[in-house]
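Undergrad: What follows is each chain in one-letter form.
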Amino acid sequence: MATTLPTLTMNRLTRAGLALLWIIVPLVVIAWHVTTTPLNASIGSAWEGLGESAWLTLLVTVLTSVVVLFAALAGSRGRHLNATWASFIAVPHVAFAIGLLWLVSPSGWLVRLVDALLPAWQGPVQSSWLSAKSTLTLLVVLILKELPFLLLMAQANIRQMPIARWQQQALALGYSQRRFWWLIVVPALLKPLRLPLYIIAIYTVSVVDIPLLVGPNAPALLAHQVFELNWQFSAGDNDWVAWGALLLVLLAFISLLLLRGLEWLLQRALGRCAITGRRSQSGGTGGNASSKPWFWTLLALAVLTSLILQSGQQGWFYPALWPQGWQWERWLSEWPYIAPLLYNTWTLAVFSATLAWLSAVILLELQAQRQQSKLNAAWLIMLIIPQLVLVLGWQRQVGPDNSFVWLLWSHTVFCFPYAYLTLHGAYLAYPRRWLWQARSLGYGPWAAWFRVLAPMLKRPLALAWAMAFSISVAQYLPTQWLAPVTHPTLTTEAVSIASGGDWRLASVYALMQWVSVWIIFMVALGVTRARN
Amino acid sequence: MRYLFLLLTAIVVSVFSVPSSAQDKPTPVYFYAWGGNPAINDYIRWAAKELQPEGIQLHHVKVADIAEVVKQLVDGQSNADLVWINGENFHALKAADRLRAVVAELDLDTTLNDDLDWRSDFGEPIEGLEVPWGVGQFYLLTCQSCIAGDQVSANELLEYAAQHPGRMTYPKPPEFHGTTFLKSLLLSLSEQDTAFRQPVDAVDAEKLTAPLWTYLDELQPLLWQGGENFPSSAAQQLNWFANQQLDIALSFNPNEVKTLVNQARVPQGTKRVTLGEGAITNSHYLAVPTTSQHAEAAQRVIRFFLSETAQRKKADLSGWGDPTVLDLELADMPPLLPVATEFHASWQSYLEQQWQQRYPR
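For the protein sequence lines, the chains are A and B, in the order given.
Read in order, the letters of the first sequence are residues 1 to 532 in this note's numbering.
Read in order, the letters of the second sequence are residues 533 to 893 in this note's numbering.
Hints in this document: simulated from the structure, not taken from any laboratory.
If a hint is listed, it holds; no wrong ones were tucked in.
Covered by chain A, according to a simulated footprint, are these stretches of chain B (three or more residues, beta-carbon under 8 Å): (1) 564 to 577; (2) 596 to 608; (3) 767 to 781.
Ideal placement from N, C-alpha and C gives every residue a C-beta, glycine not left out.
With the sequences and hints as input, model every part of the structure.
TA: Shown next as structure tokens:
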């Protein structure tokens, strides 16, 4: 009897099946749609209308990715991952944006605080600085939200490096801590961070819900504009949508090329620095502010507090620091309408997270059996294609048919790569000899997996499931375009209410969204810690 | 084999028994309506509750822009049973022959208030294809110390903007408040309102709108953020107005000046100002698509929405506060504003396109 669970043919079949479900079918639907749809509008006229948006999108994408990359490189010096990080990553973007805006907008709480402290100063800020509609606000929200993800990925990679040995040698040779970090660790870190960085870039290219809330609109980002054009009913607009989608794919490709170029330049520059052999005695061990866990804890708490206060206020106008009235009954009166959304969100997230998680575990198990210890990037391809293009293609091909299975499938397509990405490090690094020993002691293959591997990897396994869950909860486009009637979720409702301008009600939904994800993460972390 | 047969029988029986149990189930009515106003959403929730005993399950499908559904209806892939429309969206559906002639079936002619001129929707005869639900009037919300008086002409508004740069803006067309703002300016600037009741093709549109573009060019640098960004919705503008970032907000509901204060969405002391000599006035309508799977129930929903109870509730100032379309006496209702006739529907897309060509997308 083989030492592995399934036989080799089963192995191939399973992988083929997973690829078919989560990659090939989604792509074929798009390809089918693209090849069977004639385009009438010329690219010239489409470019005239969309060109400016395209440039803006490219700018935002590159800026976000570059800032996040450098902040992550500077920020992951000697820090350790903890539960705060994980739960911060899990904050759904929409909830985060709604809460943050309340703090920093021109008539937001911080400005009010300044106003209260400096009586001579008059009125809310008049500039476009961090207003509810500006490129800068969008950048801040995206960067703050994406940074923890990259830091998490950096941390995971650093833990697999012989950092202590390198450091010893570098310090012995008279390099400062800082030079050691940038000349030795960073070059080794850039390559494994390539893929997570690409995921961030592609996410930025095609994100719609955040620009809807805080992005500029004259011009709007390309994905935002395509999303709105897709509502319009004239035939010309339809062609623009198609061109816009193509343009998005092109932008995605260009931004990846630019990031690849940047990585190359950085490697060269760091290499040059290293060759000079200069050493300096200055430079202590101090890290970057963004790496301090308290910064994130504080930010998360501030955003959370603002959401809670917002959800209960009845009248809170500038320049009041504290709400003028309260109406906590809003929670009670709103509850009957939240409950079904909560049910929709949770069923969808539980099913898609479980499917995605199972697929990832099976895949990684097969990889481990074949002794592949590296991440297989092909499985992440759905994260490297702008989501808007994918969902648009599915919607055009199938229509908003509102069936649960179809929606579940679309969510799983996006949850699966994240589950795979989160789990692969721990799973592939797992010493298989434990399994062999278990088998030699008479355990069956299933028993060995469940009673030896699973308990040892319970935390990464639980976190991967929680990650998939949180991805499903945060999905906006698939739900909004594929099943808006039968399966409205907390996220679609929060976006709809927030764009309707009532922040009090939007905060209620954003909080429910946050709590859903937070509970899952805390349970995942708590359960796995308790048995340690 | 015997078990298989039994299983199959069980399946067949259970499948055929579904229709009989479905009779007890309420009939769903998918009501596609703009979902951007919590007070309106609450009203529809109330209606859904009231309709339950009648065996109707009213689902409010909240859309950001009803054009979304118009497109699906024209493409023939929508499950909408009832839609809330007017203006260009009605035109598109009427032109595509996608609406049922509900007015005749419901026999409502006698109860509706004839002063409202509801038989024409943005200059287009409704031909019995939609039923008026409420009345919209366009005006500005402002603070006590901001714009003086209860009427402001386009030129006075420009003067105000010059004195208070950065304190004024409008939602980016094609958002309908934004487009109506342009129409009001145009009416005030041209001092002749009859030409705009005709289709764009029938008049010299370029010449008629020339004063508007000159005006907007002057206004542009005086706008909030120098006109580099616009609010995406009237609701967003309302929030900024409420927090003193702006001096005006736009409204299409003549009673909103009261309801918004009641809901603590805007501070006390907010008042209404008509832009130009009259408020552009139109009706908003309910219609049943030809493709509706539950047309009969949808008509019952319309009948309910036009009942005296439902119309009184709709006009209630602690809730939505939308004026009634029935001939009813309502206590403490602010009077309607002086009326300016709505433009012909074809102006909507004309103005939007012209605006988009001139100002940043």
